[in-house]
Amino acid sequence: MSLTSEEVNRIAWLARLAIDSDKTDAYAHDLSGILNFIEQMSAVDTSAVSPMAHPLDQAQRLRPDVVTEPDQRALFQQLAPAVDAGLYLVPKVIE
Amino acid sequence: MQWETVIGLEIHAQLATKSKIFSGAATAYGAEPNTQACAIDLGLPGVLPVLNQEAVRMAVKFGLAIGATVTPRSVFARKNYFYPDLPKGYQISQYDLPVVGNGQTTIAVDGEEKVIGITRAHLEEDAGKSLHEDFHGFSGIDLNRAGTPLLEIVSEPDMRSAKEAVGYMKKLHALVRYLEICDGNMQEGSFRCDANVSIRPKGQEKFGTRAEIKNLNSFRFVEKAINFEVERQIEILESGGQVIQETRLYDSVKDETRSMRSKEEANDYRYFPDPDLLPLEITPDFIETVRAGLPELPDAKRDRFKAAYGLNAYDAEVLTATRELAAYFEAVVHAAGSDAKLCANWVMGDLAAALNKAGLEIEQSPVQPDRLAGLVQRIADDTISGKIAKQVFEALWESDETADAIIEKQGLKQITDTGAIEAIIDEIIAANPDQVAGYKSGKDKLFGFFVGQAMKATGGKANPAQLNDLLKKKLQ
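Chains as they are written, first to last, in our numbering: chain A, 912 to 1006; chain B, 202 to 677.
Don't read these hints as lab results, they were simulated from the structure. Keep in mind it's a predicted model, so treat the numbers as computed, not measured. Here a beta-carbon is modelled for each residue, glycine too, at the ideal position from N, C-alpha and C. Among the hints, a few may not be true.
Covered, in the sense of this in silico footprint (three residues per stretch, anywhere, with C-beta under 8 Å from a C-beta of chain A), are these stretches of chain B [to be verified]:
hint, stretch
1, 341-349
2, 414-425
3, 470-481
4, 509-520
5, 657-663
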């Protein structure tokens, strides 16, 4: 399987990654190589193997429903570039 | 062309846990912005989610209530998209192995029962809230809601009208409240839905292209949005166009749906199992413990009300709409000792009207079940008439006294002494010779005049049936 440069651009957009346009072809080549490798593995008959959700063969531990986190808004908002009235401000997301 | 509407609903119910699904931050509604958003909810680097046991228990409870299979080993997945109210860049949800699979519920619309299939219900985290006004080119983000546990309940495309969709949504609303897994507060967004709507020529098997209407948070909006959307699609198809598969938003002010094109582009969620969470194992023991704790469910209660109290389908349906109302009614019947139908009439009639007028819920009723039962008893044993009972009810509402005390104090006891009623009638006949002559000459309507006079003379306390009988005799 080989990816087009258009597909590479779309994947980069979905992941919000900025890529140099002169590197698109190289990415297409490398990513296609990875997909080919996966295709090779797909040839193995796994019909008798149940899919693995996690490499550790363990189950999720559950926690009791208790509030343990205090309000640390002032501390966390020191990291934010802009805040107002307790809200985090971000570039407007609605047109 | 005859069109058939096809609707499927995705209902989001916020689970009534104290803490979030993957963190120990509080979930209480209405807190100051971002005071209940901890490092995990903010998606800060290096944090790990740990699943809330109570959220799992609630999901299993729901699964058992709709007769669904509970998945013994379900998996959490990342749903990837970028939006500022989702700081991690993905929502933790479930994809191909949801915790609840394949159940059903029965709805009644216009007296006809219909089974609606429930494809699945899965656990996921809610996103934060974006505020778009007042910030001069910025959006304000409140992440208090981020990480609140949600149960997303996905129906089969089994509904054929907006009415059925509303019936189904109301059914699930009652169910989650019975189960005490969601407070059902639609104004606060605790219970909301997305509607998938399409139309097809009647008789055609293949589904038409659907539009998804997002975030409907009232029964009325669900009905109006679907009806608008159906009309819109019919117009497009009948004028030779094609419906596009897209996400739309319902504007309740303009009563229309609008395309949300900006979200379209991101509609490639690239789900994959979340490496931060191990598979969720639910043992048969756990399931049986939850099953043992299930309350009587709405359908079972409704059937029991019909059988045990001789109520008709409508009364039983209304009285079991919420667990609180059903409990109130049963307490009244229990205290009154008999006459369930009369109890039902008072609970659904004067009491419901008074509560509605005062904006109170049944559990806030100033008239407690035993005091209403006291009133019902006095109606049943003919101490007071139904009309006087309304006066007593008002006094019950205004005070803490019992019905007996009010009847005694205000002298409202019904006059059932034949002699006393006859004496009053004789006086009225003597004082109104013209009306008597008129009545005897065939003006039947004048009968009401005599009843009115007698009631006036007795302060409304004459037993109405007795009064009618005696009047007829005397006026012959």
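Is the coverage entry for the stretch 657-663 of chain B by chain A consistent with the three-residue Cβ rule at 8 Å? With 0 residues closer than 8 Å to chain A, the stretch 657-663 of chain B misses the three-residue bar; violated.
Is the listed coverage of the stretch 341-349 of chain B by chain A valid when you require three or more residues with a beta carbon under 8 Å from a beta carbon of that chain? holds (count 4)
Do three or more residues of the stretch 414-425 of chain B come closer than 8 Å to chain A, measuring C-beta to C-beta? violated (count 0)
Examine the stretch 509-520 of chain B: at least three residues should have C-beta closer than 8 Å to a C-beta of chain A. violated (count 0)
Are there three or more residues in the stretch 470-481 of chain B whose C-beta lies within less than 8 Å of some C-beta in chain A? With 7 residues in contact (Cβ-Cβ under 8 Å with chain A), the coverage given for the stretch 470-481 of chain B holds.
Of the hints listed earlier, those the structure fails to meet are numbers 2, 4 and 5, in rising order.
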